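Chemist: Protein chains in written order, with my numbering: chain A, 1 to 90; chain B, 1001 to 1252.
For the record, the hints were derived by calculation from the structure and aren't laboratory data.
Treat the hints with care, since some could be wrong.
Keeping only pairs whose Cα atoms sit at most 20 Å apart, straight-line, the calculated DMTMM-like set for lysine to aspartate or glutamate is [unchecked claim]:
#1 A:Lys13 - A:Glu25
#2 A:Lys13 - B:Asp1150
#3 A:Lys13 - B:Glu1144
#4 A:Lys13 - A:Glu75
#5 A:Lys13 - B:Asp1151
#6 A:Lys13 - A:Glu62
#7 A:Lys13 - A:Glu80
#8 A:Lys13 - A:Glu67
Heads up, incomplete: computed chain A residues facing chain B, CB under 10 Å, no partners named [claimed, not checked]:
#9 Gln20
#10 Ala23
#11 Leu73
If you anchor each label on the Cβ, the simulated ranges turn out as follows [as the list claims (entries may be wrong)]:
#12 A:Gly35 - B:Asp1150: 25 to 33 Å
#13 B:Asp1213 - A:Gly34: 50 to 58 Å
#14 B:Asp1180 - A:Gly15: 20 to 28 Å
#15 A:Ala59 - B:Gly1172: 51 to 59 Å
#16 A:Asp3 - B:Arg1174: 48 to 56 Å
#17 B:Trp1033 - A:Pro72: 42 to 50 Å
#18 B:Glu1023 - A:Asp3: 13 to 21 Å
#19 A:Arg43 - B:Gly1172: 37 to 45 Å
#20 B:Gly1026 - A:Gly38: 52 to 60 Å
#21 A:Glu46 - B:Asp1160: 39 to 47 Å
#22 A:Glu25 - B:Gly1011: 28 to 36 Å
#23 A:His30 - B:Gly1172: 38 to 46 Å
#24 A:Val41 - B:Leu1111: 14 to 22 Å
From a predicted model like this one, the values you see are computed outputs, not experimental measurements.
Where is the CB? At the ideal position from N, CA and C, for every residue including glycine.
Take a look at the letters that make up each chain.
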Amino acid sequence: MSDFRFAVNVLPKPGILDPQGRAVEGSLEHLGVGGVSGVRVGRRVELTIDAETEVEARATVERLANELFANPLIESYAIEWVDIRAGVGG
Amino acid sequence: MTRIGVVVFPGSNCDRDTLRGLELAGAEAVPLWHEQGTLEGVAAVVLPGGFAYGDYLRAGVIARFSPVMRAVSAFANQGGLVLGICNGFQVLAEAGLVPGALLRNRGLRFLGRDVRISAERLDTPFTALVGDGRPLRMPIAHGEGCFFADDATLDELERDGRVLFRYVDADGRRAGADADPANPNGSLRAIAGVMNARGNVAGLMPHPERAADRLLGSDDGLPILRSLVEAAAAAGSGRGSTAVKLELAATG
Chain A
1 MSDFRFAVNV LPKPGILDPQ GRAVEGSLEH LGVGGVSGVR VGRRVELTID AETEVEARAT
61 VERLANELFA NPLIESYAIE WVDIRAGVGG
Chain B
1001 MTRIGVVVFP GSNCDRDTLR GLELAGAEAV PLWHEQGTLE GVAAVVLPGG FAYGDYLRAG
1061 VIARFSPVMR AVSAFANQGG LVLGICNGFQ VLAEAGLVPG ALLRNRGLRF LGRDVRISAE
1121 RLDTPFTALV GDGRPLRMPI AHGEGCFFAD DATLDELERD GRVLFRYVDA DGRRAGADAD
1181 PANPNGSLRA IAGVMNARGN VAGLMPHPER AADRLLGSDD GLPILRSLVE AAAAAGSGRG
1241 STAVKLELAA TG
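Assemble the whole structure, with the sequences as input and the hints as a guide.
Modeler: Pasting the structure below:
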């Protein structure tokens, strides 16, 4: 068995109202920053999966992303592999 | 006396009010702990308001996987009556037992204040005793109450008569979708409550149990609870299956 670490990045789907993103965007003028648009605020979940193979680990993370981390009605997700050696684990 | 269960999740905070409201509506109300896998033979289930499991990740999503929700899903799939109030509505939506999702309020703020809703249907287990379509005044208390579904689903809900409650103004006029104080969370098509296709599971964001006694400022919520208690009693005596069939016939 090996450890595989993933990050699941969840965002509101295009077209879904994102009041947090809108509020952040609206605040940028107070920072004196212009030319920024399309701000979307989501969440990131990182996790380590102990599995025989990477394929198996990916299947697990896909399932969790689809059933738990994101609500497919309103959110999309992207799974990314995280290098455990970089020290982000545990 | 008809027994109705009120699920208690860690973080539920309207369970006592809901138990009391159901008693005022004529039921024997019993708490059902989230870790139990049976519903103790109750005639209907209410998922109360609160912040189940801290609302972590998304409101309602973690509660969805609790042992009691497996029992509630099985109960609902057999035609059992289930009502979700506020956080309970969010749990039902996450579990896919009612359509749609509850997004962050458009104004981003948690809102605790009275709203007015009107029942779109007066022939359901949740509204049969509401009487007429007059505005019902009761509180909301939520941060994620903006009802969302895609256009096709919204059209289907309207066509099939599954929009149960809408936000209205004091005169009973349907609230606008956005920036209308009568629709404070910005719900699409001013939807405050919906039903599943079979008509036995419903959710709404406002709190009928907080408007179940005049001492609370309004008892407009009581007829909703009484409707549920009466429908549950009918289901318990074997008349319920007929009611569900009639319901299906009515919604086509």
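Chemist: Run every hint past the structure and note whether it holds.
Modeler: Hint check results:
1. Under the criterion of a C-alpha separation no larger than 20 Å, the hint pairing A:Lys13 with A:Glu25 is consistent with the structure, at around 17 Å.
2. For the hint pairing A:Lys13 with B:Asp1150, the CA-to-CA distance comes to about 11 Å; that is within 20 Å, so the pair holds.
3. Distance hint between A:Lys13 and B:Glu1144 is fulfilled; the C-alpha atoms sit about 17 Å from each other, no more than 20 Å.
4. A hinted pair counts as satisfied when its Cα atoms are at most 20 Å apart, and A:Lys13 with A:Glu75 qualifies at roughly 5 Å.
5. Straight-line distance between C-alpha atoms of A:Lys13 and B:Asp1151 comes to about 14 Å, which keeps the hinted pair within the 20 Å bound.
6. Proximity of A:Lys13 to A:Glu62 is assessed by CA-CA distance (about 17 Å); at most 20 Å being required, the pair is judged to hold.
7. Straight-line distance between C-alpha atoms of A:Lys13 and A:Glu80 comes to about 18 Å, which keeps the hinted pair within the 20 Å bound.
8. Of the pairs offered as hints, the one joining A:Lys13 and A:Glu67 holds, with about 16 Å between alpha carbons and a cut-off of 20 Å not exceeded.
9. Taking 10 Å as the C-beta cut-off, the interface hint given for A:Gln20 holds, the closest approach to chain B being about 7 Å.
10. This hint holds: A:Ala23 has a C-beta 6 Å from the nearest C-beta of chain B, less than the 10 Å allowed.
11. At about 5 Å, the closest approach between the beta carbon of A:Leu73 and any beta carbon in chain B falls short of 10 Å, and the interface hint on this residue holds.
12. Separation of A:Gly35 from B:Asp1150 is about 32 Å and conforms to the stated range, judged on CB atoms against 25 to 33 Å.
13. As the Cβ distance of B:Asp1213 to A:Gly34 is approximately 55 Å, the hint placing it in 50 to 58 Å holds.
14. Look at B:Asp1180 against A:Gly15: about 21 Å separates their beta carbons, and that is inside 20 to 28 Å.
15. The given range of 51 to 59 Å is respected by A:Ala59 and B:Gly1172, whose C-beta atoms sit roughly 52 Å from each other.
16. Here the CB-CB span from A:Asp3 to B:Arg1174 is close to 55 Å, well matched to the stated 48 to 56 Å.
17. Evaluation of the 42 to 50 Å hint for B:Trp1033 and A:Pro72 yields a failure: the beta carbon distance comes to about 30 Å.
18. The hint said 13 to 21 Å for the Cβ distance between B:Glu1023 and A:Asp3, and at roughly 53 Å that hint is violated.
19. A beta carbon spacing of about 40 Å between A:Arg43 and B:Gly1172 agrees with the range 37 to 45 Å that was offered as a hint.
20. Separated by about 54 Å at the C-beta atoms, B:Gly1026 and A:Gly38 satisfy the suggested range of 52 to 60 Å.
21. Evaluation of the 39 to 47 Å hint for A:Glu46 and B:Asp1160 yields a pass: the beta carbon distance comes to about 42 Å.
22. A hinted range of 28 to 36 Å for the beta carbons of A:Glu25 and B:Gly1011 is consistent with their spacing of about 32 Å.
23. Evaluation of the 38 to 46 Å hint for A:His30 and B:Gly1172 yields a pass: the beta carbon distance comes to about 42 Å.
24. Between A:Val41 and B:Leu1111 the C-beta distance comes to about 20 Å, which sits within the given range of 14 to 22 Å.
The earlier numbered hints that this structure contradicts are 17 and 18.
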